[in-house]
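All chains, please: the whole structure from these sequences, using the hints.
There are 2 protein chains.
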Amino acid sequence: MNKLMEIVSRSNSIAITSHIDPDGDSIGSILGLGLALKQKYKNIKILIRDSLPSRYEFLPGSELIKKYDDIEEQKFDLLFVLDCGDEKRIGSNEILKNSKTIVNIDHHISNTKFGDINIIDASSSSTCEMVFSFIKDLNLLINKEVATCIYTGIVTDSGNFMYDSATEKTHLIASELLKTNLNKGRIIYNLYQRKSINSLKFIGYSLTNMKIALDGRLAIFKVTLDLLNEFNVSYDNIEGLVSYGRDIEGIDISVVIREQENGKVKLSFRSKDDDVDVRALAQLFNGGGHKKASGATLTASLAEAESMVIEKSRKFVRW
Amino acid sequence: MNKLMEIVSRSNSIAITSHIDPDGDSIGSILGLGLALKQKYKNIKILIRDSLPSRYEFLPGSELIKKYDDIEEQKFDLLFVLDCGDEKRIGSNEILKNSKTIVNIDHHISNTKFGDINIIDASSSSTCEMVFSFIKDLNLLINKEVATCIYTGIVTDSGNFMYDSATEKTHLIASELLKTNLNKGRIIYNLYQRKSINSLKFIGYSLTNMKIALDGRLAIFKVTLDLLNEFNVSYDNIEGLVSYGRDIEGIDISVVIREQENGKVKLSFRSKDDDVDVRALAQLFNGGGHKKASGATLTASLAEAESMVIEKSRKFVRW
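Protein sequence lines correspond, in order, to chains S and B. No gaps in the numbering here: position 232 of the first sequence is 258 in this note's numbering, and each next residue is one more. No gaps in the numbering here: position 117 of the second sequence is 143 in this note's numbering, and each next residue is one more.
Keep in mind that the hints were calculated from the coordinates and are not lab data. A hint or two may mislead.
For identical chains, the list gives no copy identity; a pair is met inside one copy or between any two copies.
As a list, the in silico EDC-like pairs of lysine to aspartate or glutamate whose alpha-carbon atoms are at most 16 Å apart [said to hold, decoys possible]:
no., residue 1, residue 2
1, 205, 190
2, 341, 301
3, 101, 262
4, 341, 112
5, 227, 273
6, 123, 163
7, 170, 194
8, 101, 301
9, 227, 256
10, 341, 99
11, 210, 194
12, 123, 99
13, 170, 202
14, 338, 241
See the structure below:
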């Protein structure tokens, strides 16, 4: 850690980034680390490829997040890449090539260790949990703003502490974070209690039309662009759909098969048991993730994708 | 606490009970305390009025729970009443009248302090959180079995740590409980991941037919006996329905109006903000509960109940 403190201290320009399609853990970790570093260092940029999903706009410092395209030169003495299992998911070759030192902090077991320094802990509930310790190691302050970001990442990536990855350590950290007097109600409200009526109607429709395959072991939700249009919702609004299938008794795998604009489909997998490894399943579609939560993208029609998913899931469910 | 230890020590018969229509916190707390007391004391009875809901059957010691009707005499030296805001909710006059010393441990702000000793902490996430401290004060062991019961009560009553009542102390306790190496996956599976397909189809139907009133501030779900029959589900299976309405942006109050066998209807209220006090609303129907979660029973048709709810909610929503 002394080595890292030294690298941070002597870097004249520091950037922090994360993966494309950012989630609560990626946004929480880049903002948490960014706000902490800003306590002591001046030239800190927080960059991602995509626009910030609106549900995270409430986070302190969210206005500091810029897109790669918004800055002149993606060239830094030090680049932190957070919560990003593989360099392609950064969404920019330039920033990776041009930055002198790359520090890769992540909790995905599949991490390709693309950094000059790699801090990988697959047992951690979230990258935010790791960033919490990292900030402390750097002797920076976990103030209310930093804590708000870190807490957001922990709750979103641990399923509100429900996943096994939320350990006694995770709860100790949560306890420390709450000591900063952060406004938890505001976090929960922004993450979970701002649903649109349309999105709930869409969930209602999807539950009514859910398909069960493999003798009650696989739940399938198909989401077409037409359907999203009809209900006037974006996929962002119905992210939790896949978990409804997982939570059915007897279901081993739940999948959302979602039509994309470009003739591709996205798959999102969930399982409720370590014995049903949907990361391995997603890898068959060149995807990745965690054992109980994974995803992939492929070029296929919805119907083709459905057939493939059923076929390939066959050897992952428990007979 | 010395006084209490003395009372426990000199009691030849001890019973532990909770409220009718038991939930995770009531079952978790009576089993947690029961298993802990059994480490040192022999004559411990765990009693409730109703049958144990099947989702709690996995809890260690659940086979020890008996119904009042199953025992010969409801007469004890010491009676613990846990998680029970008022003596009527115990569901037995006899046990209350015949027991020598009554210890009332609860986290409902409305508790009527009907015990000889009343330990009330409305700031606690759950009665289980209080029982955790109580067991430690009695110098009994929080082993894996006890921890499993206590953890179950905390997560069910704190909305998986989402409610404001889950404080830094709650997380510290959760951390200690996880140290016992309890099987969290099994708890989560039994509480949340054993839903029936029918219950999800019912949720789908209910979301599709949800009614919005008071200019987008009140969400109403009506559940008839016919509908439950048609979908072949019991209300137990769809308990979470009311929270779907709460989590809509702009909705201040969500209510489930549920037809009963006896010509009565049950109301279940939720709000997402302390400023919208559904406990006070429920009290207008002679009910009670917490600020953000409450309930009541009244004699009325569904349509009458709906009109009354809309009318009385009018001054509780935020205009």
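Do the hints match the structure? See the list:
Proximity of residue 205 and residue 190 under a CA criterion of 16 Å is satisfied inter-copy only: 13 Å between copies versus 24 Å inside one chain copy. Only within a single protomer do residue 341 and residue 301 lie at most 16 Å apart by alpha-carbon distance; the minimum there is 12 Å, versus 52 Å between protomers. For a Cα distance limit of 16 Å, the shortest separation of residue 101 from residue 262 qualifies neither inside one copy, at 31 Å, nor across copies, at 58 Å. With identical chains, the CA atoms of residue 341 and residue 112 are never at most 16 Å apart, being 27 Å at best within one copy and 54 Å at best between copies.
Within a single copy, residue 227 and residue 273 get their C-alpha atoms only as close as 19 Å, which misses the 16 Å cut-off; across copies the closest is 13 Å, which meets it. Proximity of residue 123 and residue 163 under a CA criterion of 16 Å is satisfied in neither setting, with 28 Å inside one chain copy and 60 Å between copies. In this assembly of identical chains, residue 170 and residue 194 lie within 16 Å of each other by CA distance solely across copies; the values are 14 Å between and 22 Å within a copy. For a Cα distance limit of 16 Å, the shortest separation of residue 101 from residue 301 qualifies neither inside one copy, at 43 Å, nor across copies, at 49 Å.
In this homomeric assembly, residue 227 and residue 256 come within 16 Å of each other (Cα to Cα) only inside a single copy, at 11 Å, whereas the closest approach across copies is 21 Å. When the C-alpha separation of residue 341 and residue 99 is checked against a cutoff of 16 Å, the pair qualifies neither within a copy, at 48 Å, nor between copies, at 56 Å. Proximity of residue 210 to residue 194 under the C-alpha cut-off of 16 Å is restricted to the inter-copy arrangement: shortest distance 11 Å between copies versus 20 Å within a copy. In the homo-oligomer, the alpha carbons of residue 123 and residue 99 lie at most 16 Å apart inside one protomer (12 Å), although the nearest pairing across protomers, at 80 Å, exceeds that limit.
For the identical chains of this complex, residue 170 and residue 202 are intra-copy neighbours only, at 11 Å inside a copy versus 25 Å across copies, given an alpha-carbon limit of 16 Å. Proximity of residue 338 and residue 241 under a CA criterion of 16 Å is satisfied intra-copy only: 15 Å inside one chain copy versus 48 Å between copies.
Of the hints listed earlier, those the structure fails to meet are numbers 3, 4, 6, 8, 10, in rising order.
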